[in-house]
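Novice: Listed below, chain by chain, are the residues.
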Amino acid sequence: MSEALENLLTNPSIWRGQAKTGSPGWQGLASGYPKLDQHLAGGGWPRHALTEILLDQYGTGELQLLMPALAQLSQPGNEQEESEEAGWIAWIAPPFEPYPPALQQWGVNLSRILIVRTRGGKEALWAAEQALTSGNCAAVLLWSNELDDAASRRLQLAAEAGQSWVVAFRALKALTEPSAAALRLHLHAGERGTDIDILKNRGGRPAVVRDYAG
Amino acid sequence: MSASEKPPARFREATPTPAVESVRRPATLQLAFAEPAEQATSFAATIPLTHLWLCIYLPSLPIEALTGRETAAAVCEERHGVRRILLANDSAEAAGVAAGQTVNAALALLPALYLADRDTLREAKTLQRLAGWCEKFTSFVCMEPPSLLLLEIAGSLALFGGIQALRQRIVTELTSQGFQAAVAIAPTPFAATWLSRAGRRVCIRDPKNLVSQLGSLSIHYLGWPDAVCASLKGMGVTSVSEVLRLPRQGFAKRFGVKRLLQLDRALGRLPDPRVSYRTPEQFVANHELSEEQSDAGLLLNVCKSLLEKLEKFLRSRQIAVQDITLVFFHLETAATHLSLGCVQPDRAVQHWLDLLQIKFDRIHLPAPVIAVQLSAGRGQTFTAATETLPFNRQKKTQDSSIAHLAERLSARIGDESVHGVTAVAEHRPQYAWQAHNVLDTVPHCQNGQICMPDPHAPELLADLRRSNSLVLQRPLWILTEPQPLESRRKLPWYQGALTLLRGPERLETGWWDDNGIARDYFVAANPAGVRLWVFRDRGQKLPAWYLHGMFG
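Sequence lines, in order, name chains A and B.
Sequential numbering of the first sequence, starting at 1, is according to this note's numbering.
Sequential numbering of the second sequence, starting at 215, is according to this note's numbering.
Calculated directly from the structure, the hints in this document are not laboratory data.
There may be inaccurate statements among the hints.
What the hints assert, rightly or not - No farther apart than 30 Å at their CA atoms in a straight line, the calculated lysine-lysine pairs in the DSSO-like style are these:
{"no.": "1", "chain 1": "B", "residue 1": "Lys523", "chain 2": "A", "residue 2": "Lys122"}
{"no.": "2", "chain 1": "B", "residue 1": "Lys350", "chain 2": "B", "residue 2": "Lys518"}
{"no.": "3", "chain 1": "B", "residue 1": "Lys339", "chain 2": "B", "residue 2": "Lys472"}
{"no.": "4", "chain 1": "B", "residue 1": "Lys339", "chain 2": "A", "residue 2": "Lys122"}
{"no.": "5", "chain 1": "B", "residue 1": "Lys523", "chain 2": "B", "residue 2": "Lys350"}
{"no.": "6", "chain 1": "B", "residue 1": "Lys339", "chain 2": "B", "residue 2": "Lys467"}
Claimed, not checked - These stretches of chain B come out as covered by chain A in the derived footprint (C-beta under 8 Å, 3 or more residues):
{"no.": "7", "segment": "424 to 437"}
{"no.": "8", "segment": "447 to 456"}
{"no.": "9", "segment": "615 to 624"}
{"no.": "10", "segment": "630 to 642"}
Note that beta-carbon positions come from the ideal geometry of N, C-alpha and C, so glycine has one too.
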């Protein structure tokens, strides 16, 4: 195959059904859980894209799943050459209060946390888009029940434009709805710990991860 | 330097001639103004005229003060019961409207003519604004209402590249702002004033030339009352040189010592101290619309032009403001106030405009708007951000732009809605953290490193977490108010019976602020696999269970 074609195919926005998992043209953000990383394209969370996490109920291990990656993003100098400064992490419309002592235990830099409380789901979407396009949030966590196909597309584009990672938490009923997210996960309690169903995996394949933290 | 610390007085005493007291005053009983040539030259040496005054005369100020009129417009004034045109702009003059015409005649010539009554207040404000603008050329600007500005430029020549360059620049910039100006330069304020009023674009640097240049001026340009001029004319005196030939004593007696003094000052025989204008530090600007408007786009444009004025004002002072207030006036109802604030002092038009746009979407104007007023809060010293070199791709402006983000969010959602968090060294869980303003505790960069308070070494923590011991387990989600849980068979119930995994961790007291607690905390799991942080309140007789957090 010609070199030009090879180059073209390494473009992360091209998804090839035949592609071998784990070898796309980009490097993912290590999730800190090897069991999960081996199934994710690029060996980690897709940077600069939308990740959707579907939940039965809050507290099923969704934050623990993100903590190692968030800790890494919020600490200075840990990222690659792109920016040496610590990135901000925006929490948009969280359902409860994130508890700083616990965040600190996970190694998250508290001085880089921005919490935004909104009055409605639409406003939360707007705030998330603002945070993404501002270009100084390394990660945006969003809780909104107004997220639909169009909104997910907007978020995906904003994430690409602002080069940041957006994680949207959605109720399980969104399972059947279409979404532009690069990665969709369904978290639920398993026999031994929290299981993850990888529903959609751009550049990789759907999979099931049992007890991701174990 | 902030606005409120300044006294409200806008003027400061000036000392243009430091050697005032030591100057030998000429005898008042000198017989005539005119002296032999050699005496005049020796005279100049007695008063050191180190100053150079540039006078800006704005003959068309009444019409120029009517800003934003592209179409034919004229200013009229009532004289002897007849409204006459005082001044007309170019497009009106092209249609034949001329000064002195009656209003009816002018309207017959041009029915679409916009007529405004002369407004001296408006002119004074325009002149004041120009005086502020002139402060960029010199520290000493003197306002001479109704239409004159005096600038002391001796000290500015080196900076602006000489007298002609400075004068050229002033004239060009005034023209671009839409003002026709006659500019004259002379060593004394009066001489400069009179020459510019006469429209003589002269530049006198040597005091010796004053007598000859002023001599040919008509007495009309001296700004004396009509009665005085008429009486002088009756004596056959029409020019300054002829006035100077009159006996001093008689002149003073007939026309007042004040005018004699003026002539002496104009010729540099007496010192002429002036007061300098100092622009007020508080910025207030108005924009009146010709008709009521409710179109958001148009109002935003008006706000933009006001914000541009603000930026100019702030830039010339090297200050920035943190809050501004816009007032939209309506004809019938009370005015709508709109306040904007930003985290860091700023002055960029675009930034304010962005905030305004967000806010504008959400406010409801009860009625169309007839006028807009912009006032700025107290000024603060502006610290400009350092630009990075193009090859340095780091996002160095992160802190400032997170401030912009926080402002944008709080502009739309509300001030309380955006915050950061900190941990507090406190054993009671509900007091172990605090919300704070995002930028309050942002640590400043030192040598490119973020120095942040790091209570625990991350490596140690990671080790402890792995070994699953010693570290007190804290949930990632906390409820603001603990939620009472039902208990069945002495065990808490949350969507099913809870299994206690770890605990108890006993947390007690708080006598120092009367918010003591007596709780046993447990890590529990419900059948759905949700790990919870629950506690048993030991302060009550019956064991009462509460949910306080989730491990997420």
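Novice: Decide, hint by hint, whether the structure agrees.
Specialist: Here's how the hints hold up against the structure:
1. For the hint pairing B/Lys523 with A/Lys122, the CA-to-CA distance comes to about 36 Å; that exceeds 30 Å, so the pair is violated.
2. As the CA atoms of B/Lys350 and B/Lys518 are separated by approximately 23 Å, the hinted pair is consistent with the 30 Å bound.
3. Taking the CA atoms of B/Lys339 and B/Lys472, the gap is about 28 Å. The hint holds against a cut of 30 Å.
4. For the hint pairing B/Lys339 with A/Lys122, the CA-to-CA distance comes to about 46 Å; that exceeds 30 Å, so the pair is violated.
5. With a C-alpha separation of about 15 Å, the suggested pairing of B/Lys523 with B/Lys350 holds against the 30 Å cut-off.
6. Proposed proximity of B/Lys339 and B/Lys467 is contradicted: the alpha carbons are some 38 Å apart, above 30 Å.
7. Taking a C-beta to C-beta cut-off of 8 Å, the segment 424 to 437 of chain B contributes 0 residues in contact with chain A, too few for the three needed, and the coverage statement is violated.
8. Coverage of the segment 447 to 456 of chain B by chain A is violated [criterion: at least 3 residues with CB-CB distance below 8 Å; count 0].
9. Beta-carbon proximity to chain A at under 8 Å applies to 7 residues in the segment 615 to 624 of chain B; the threshold of 3 is reached and the given coverage holds.
10. Check result for the segment 630 to 642 of chain B against chain A: holds, 8 residues qualifying (beta carbon to beta carbon below 8 Å, three or more required).
Hint compliance for this structure: hints 1, 4, 6, 7, 8 are not met, and every other hint is.
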